[in-house]
Amino acid sequence: MTIAEQVAHSLLEIKAVALRPNEPFTWASGLKSPIYCDNRLTISYPQVRQLICKGLVEVIKTNYPDAEVIAGTATAGIPHAAWVAEALNLPLIYVRSKPKDHGQGKQIEGVLKAGQKVVVIDDLISTGKSVLGAVQAVQKDNAKVVGVAGIFSYQLAAADVNFKQAQIPLQTVTNYSTLIKVAKAENKISDAELAILKDCHL
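This note's numbering puts the first residue of the sequence shown at 518, with every later residue one more than the last.
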C-alpha cells in the first residue's frame with residue numbers, strides 16, 4: 518500500500534470520511550456532494566496523525582525541498598503543520614482566516630522574515646479559496662510561498678482553476694480518486710456506488 522492508500526484507508530476507518538453516493542451531503546456552500554470529509558478527527562488518533570505527518574513530510578521533501586518555514590492554516594491546518602515542522606526541524610507559523618480585530622491586528626502568528634520560502638499546510642482542499650487566502654497573507658508579508666501541501670483533496674475542477682490562477686503548486690497526501698478506489702477494494706461500496714461516485718464527482 519502506498520502512503521496515499523494507507524491514509525485513505527485510515528480516513529475511512531476512523532470515519533473522517535463518509536461516502537453517500539445515493540443520498541448526497543449538502544456542504545456549507547450549498548454544493549451537493551456524495552462525500553463529506555472531516556479531517557479534524559485525525560488529531561485524536563496518534564497512529565493516523567503520525568501517518569499523515571509522514572505523508573506530508575514526503576510531499577514537502579519531494580516537491581518543496583527548499584522550504585524554510587511551515588505555515589498552518591487556522592484552525593484545522595495548525596496541528597498538522599506543527600507536527601510536520603517538528604519532523605523537519607523547521608520554524609512554524611500559523612495564518613488566521615482574517616487579521617485580529619484587536620492588539621496589533623496580526624494575521625500571521627510566529628516569526629516570518631521577508632524572503633523566506635514557505636509551505637502552507639491545510640487539512641482539506643475543496644475549491645482552494647481559503648488556503649489561497651492564507652497564501653496571500655504570507656505573500657503580503659514579503660515571504661515566498663513555494664507551495665501548498667494538504668492531507669486530502671476533493672479534486673474539484675474549481676481548485677485546479679484557482680491554484681493555476683494563483684500560480685501556486687498544490688500537492689496532497691491523498692485524494693478522492695484514491696479514496697474511492699480503496700473503499701471499493703475494502704468492499705465499503707458496491708460497483709454501482711463506485712460508478713456513481715466516479716460520475717458525479719467533478
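Since the hints were derived computationally from the structure, they do not count as laboratory data.
It cannot be assumed that every hint is accurate.
With a straight-line Cα cutoff of 30 Å, these simulated BS3-like cross-link-like pairs (lysine-lysine) come out [what the hints assert, rightly or not]:
id, residue 1, residue 2
1, K657, K646
2, K549, K578
3, K657, K715
4, K715, K623
5, K698, K578
6, K657, K634
7, K698, K661
8, K661, K705
9, K661, K630
10, K532, K701
11, K571, K630
12, K634, K623
13, K634, K681
14, K630, K698
15, K615, K705
16, K701, K623
17, K634, K705
18, K657, K578
19, K578, K532
20, K715, K571
21, K661, K681
22, K681, K657
23, K630, K615
Going through the hints against the structure:
Under the criterion of a C-alpha separation no larger than 30 Å, the hint pairing K657 with K646 is consistent with the structure, at around 16 Å. Taking the CA atoms of K549 and K578, the gap is about 35 Å. The hint is violated against a cut of 30 Å. A C-alpha spacing of about 39 Å is found between K657 and K715, which places the hinted pair above 30 Å, so the restraint is violated. Between K715 and K623 the alpha-carbon distance is near 42 Å, which puts this suggested pair outside the 30 Å criterion.
Proposed proximity of K698 and K578 is supported: the alpha carbons are some 26 Å apart, at most 30 Å. Restraint check for K657 and K634: satisfied, since their Cα atoms lie roughly 13 Å apart, inside the 30 Å limit. Annotation: proposed proximity of K698 to K661 is violated, straight-line Cα distance about 36 Å (limit 30 Å). Under the criterion of a C-alpha separation no larger than 30 Å, the hint pairing K661 with K705 is inconsistent with the structure, at around 42 Å.
With a C-alpha separation of about 10 Å, the suggested pairing of K661 with K630 holds against the 30 Å cut-off. With a C-alpha separation of about 15 Å, the suggested pairing of K532 with K701 holds against the 30 Å cut-off. For the proposed pair K571 and K630, the alpha carbon gap of about 27 Å is at most 30 Å, so the pair holds. Between K634 and K623 the CA atoms are separated by roughly 20 Å; this keeps the pair inside 30 Å, and the hint holds.
Taken as a hint, the K634 and K681 pair is honoured in the structure, with Cα atoms around 19 Å apart against an allowance of 30 Å. The straight-line distance between the Cα atoms of K630 and K698 is roughly 42 Å, outside the 30 Å bound, and the hint therefore fails. Distance check on the hinted pair: K615 and K705 sit about 39 Å apart at the alpha-carbon level, beyond 30 Å; violated. A hinted pair counts as satisfied when its Cα atoms are at most 30 Å apart, and K701 with K623 does not qualify at roughly 46 Å.
A hinted pair counts as satisfied when its Cα atoms are at most 30 Å apart, and K634 with K705 does not qualify at roughly 41 Å. Using a Cα cut-off of 30 Å, the hinted pair K657 and K578 holds, with the two alpha carbons roughly 25 Å apart. Taken as a hint, the K578 and K532 pair is honoured in the structure, with Cα atoms around 29 Å apart against an allowance of 30 Å. At most 30 Å may separate the alpha-carbon atoms for a hinted pair to count; K715 and K571 meet this at roughly 28 Å.
Pair hint K661 plus K681 holds up; C-alpha atoms about 16 Å apart against a cutoff of 30 Å. Pair hint K681 plus K657 holds up; C-alpha atoms about 19 Å apart against a cutoff of 30 Å. With a C-alpha separation of about 20 Å, the suggested pair K630 and K615 falls inside the 30 Å cut-off, and the hint holds.
When the structure is compared with the earlier hints, violations turn up for hints 2, 3, 4, 7, 8, 14, 15, 16 and 17 and for no others.
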